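These are the residues of each chain, in order.
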Amino acid sequence: MSAPSGLTSQAEITGDLKLECGVVVVGSGAGGATVAAELAAAGVDVIVLEEGGYHPTGSFTAEAGRALRTLYRDGGGGMAIGRPSVLFAEGRCVGGSTVVNGGMSWRTPTAVLDRWAEQEGVLAISEKDLDPYFARVEALLSVGLQDPETIGRDSELLAAGADAMGWNIVPNRRNQLHCAGTNSCTTGCPTGAKRSMLVTSVPRALSRGARLFADCRVDRVTRSGAAVTGVTGHVVRPGGRKGPAIAVRARAVIVAGGAIQTPALLLRSGLRSASGQLGRNLSLHPNAMVTAFFDEDVTGWHGVHQAFQIREFAAEGLLLTAVNLTPTMLAAILPAYGRELGALMADYNRIVTAGPLVTDTGTGRVRNVPGVGPQVFYSLAERDAARVVRGVELTAEALFAAGARRVLLPFAGAPEVRSPGELRRLLTHPVPRRSLQLYSIHLMGTARMSEDPGRGVTDSFGEFHGAGGLFVTDASLFPGPVGINPMETVVALALRNARRLIERRDRLGF
Amino acid sequence: MTAAPEDDPRLGAVIRPAARRFAEVVCPPEMRADRRTEQVLHEFGLMLGALPPAARKALSTALILIDQGARVYPRSRGRRFARLDDRTAEAYIRALLGRRDAAAEMVQRLKCVVTMCYYDLPEVQREIGYDPVPYIAAVSRRRLETYGPQIRAGEAAMGLPEPGEP
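So the protein sequences, as listed, match chains H and G.
Each residue of the first sequence is one higher than the one before, starting from 10 at the first, in my numbering.
Each residue of the second sequence is one higher than the one before, starting from 468 at the first, in my numbering.
In case anyone wonders, no lab produced these hints; they're calculated from the structure.
This one's a predicted model, so the numbers in the text were calculated from it and none came from an experiment.
Among the clues, some could well be false.
[What the hints assert, rightly or not] Here are the simulated lysine to any residue pairs, SDA-like style, with alpha carbons at most 25 Å apart: (1) Lys137/H / Ala324/H; (2) Lys524/G / Ala324/H; (3) Lys524/G / Gly518/H; (4) Lys137/H / Glu629/G; (5) Lys251/H / Lys524/G; (6) Lys524/G / Met88/H; (7) Lys524/G / Pro589/G; (8) Lys27/H / Ala324/H; (9) Lys524/G / Gly382/H; (10) Lys251/H / Lys137/H; (11) Lys524/G / Arg182/H; (12) Lys27/H / Gly518/H; (13) Lys27/H / Gly52/H; (14) Lys524/G / Gly380/H; (15) Lys251/H / Leu513/G.
Please work from the sequences and hints to get the whole structure.
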């Protein structure tokens, strides 16, 4: 498989690199690839540096272990330290997390946009302002509803349960071009139907003249006085070994490494925000997973990754959805080992895994720990813990209503539950916060935008307060949790911010 | 040029016996019966290699501590974990998990990684009814047969200039 023109991987780099361009973009995910494509299309000389490797669609398989090692940072085993700790995953490959996310595309809720405008004074962020950008995202990424033949039985069962409870259910809007329903979203879409950045904005950027260097980690943003001058980094060899040095001189630097890596890079570059908010304000939409066993054959991997969302409890900050897990992932979360684990896994095709996504009010922080690197600390608020428990209870109720015979709850040490009555009795006792088994794939807020430099890290369009020519374009910008799958918001903001950059390119000098 | 192949994993001589014993406890007994232990250890080595150095070191150290810590476990009669019989090894791990402290958390993390490695083996997946390759081939074919023209049009549109593009 040959790489597209303009894309260079580590094996092709044999010595130190010194490059120049108008704009250097750090990261090729939802924010980075989008802004790179927009700028390249406007004739700007763009270089994209991506720490992960280039893995084309043809290389994707359903092998979860291999995907974790090659497409995810740290094998998908990020940990936000707290009580409880929260497991999180970030993509690290050309296309970023869009290569391994579930492919849900939702516009930012109006109430969230209004709150960002009101609390942080963010400009040009109303629904009316963003409508044209959302429309463009949806056209670029082919956002729409699933073809009906691709809906899996696991999603149907959760929807049936919710329906029996009289709850509001909506079909998921997804960035897909006639998704085949392979259930491979999190291991890389083997058909290219999921319109990740790998198959949309990355090729679009390359075809318009951008240069992309894969396997290139950025260590520092360089500066001269208050203005940035580029970045330095190194090539990443197989096994993570350090390769030749890279230095890129640019008139502007756009950092789009996601809500963990972006603040970590800015902090280790010596940048500080007057607000003190750089690396703080982390939200992560905690998820928890209920495992339900049915008598019928479910074979949840026959069908799309997530077909529906239960929106009945959205006002409480809860979304419920069914998420089929591969055996590799399911084995990791089941509260059993040895013979007992084998017995549970023998029922793999009769299992539905589903759970709540919680809009969190607590926050966390990203810090660079000497000798260790970026570390994430997160404190789950009592209120959010209560909402996780409520979300788990509601999910289990829906699964029982759909015919589940027994469920396992994501609370360490909790017994198996065999009826709604048992569930209610169990939950009359408080669930210790530290017993919650949580994970996250939505990381946000660590370089939040605000027109007030005393409150935010960047202005309304992602320009770093106090550092000329430095921009952020990823979910770090969110002033708070978006309450929905964040990708469309990231791409829409990237389009909007790219337009602003293009309008100001003469002043910025690229 | 695509990404480089993964490095060949080598578990060190110090942790390998402990990792083997740990896998024998936390994975279903079929792992040993079907001679899959080496494959699991190979996968485990790959997974360790994918972790950041600090996490890799933490898990490796945890295995060493589990191994040597068994010497003070009352039922071990001074033996290290790798030398314990099945029943005692299982009881020792159960005791560690029951502590609900940092040690238990580390054992739990190790259990997650090792059981993932076991259930990542294609033959194990097939035994529990998960065989995605033929399924993916079939639905991919169906996709192209049903929506081929729309898919080709959508793909082609990616390369076209948008209104206003120079």
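Quick rundown of the hints versus the structure:
no. : hint                : result
1   : Lys137/H / Ala324/H : holds, 22 Å
2   : Lys524/G / Ala324/H : violated, 43 Å
3   : Lys524/G / Gly518/H : violated, 46 Å
4   : Lys137/H / Glu629/G : holds, 22 Å
5   : Lys251/H / Lys524/G : holds, 18 Å
6   : Lys524/G / Met88/H  : holds, 15 Å
7   : Lys524/G / Pro589/G : violated, 28 Å
8   : Lys27/H / Ala324/H  : violated, 52 Å
9   : Lys524/G / Gly382/H : holds, 14 Å
10  : Lys251/H / Lys137/H : violated, 47 Å
11  : Lys524/G / Arg182/H : violated, 42 Å
12  : Lys27/H / Gly518/H  : holds, 20 Å
13  : Lys27/H / Gly52/H   : holds, 22 Å
14  : Lys524/G / Gly380/H : holds, 12 Å
15  : Lys251/H / Leu513/G : holds, 19 Å
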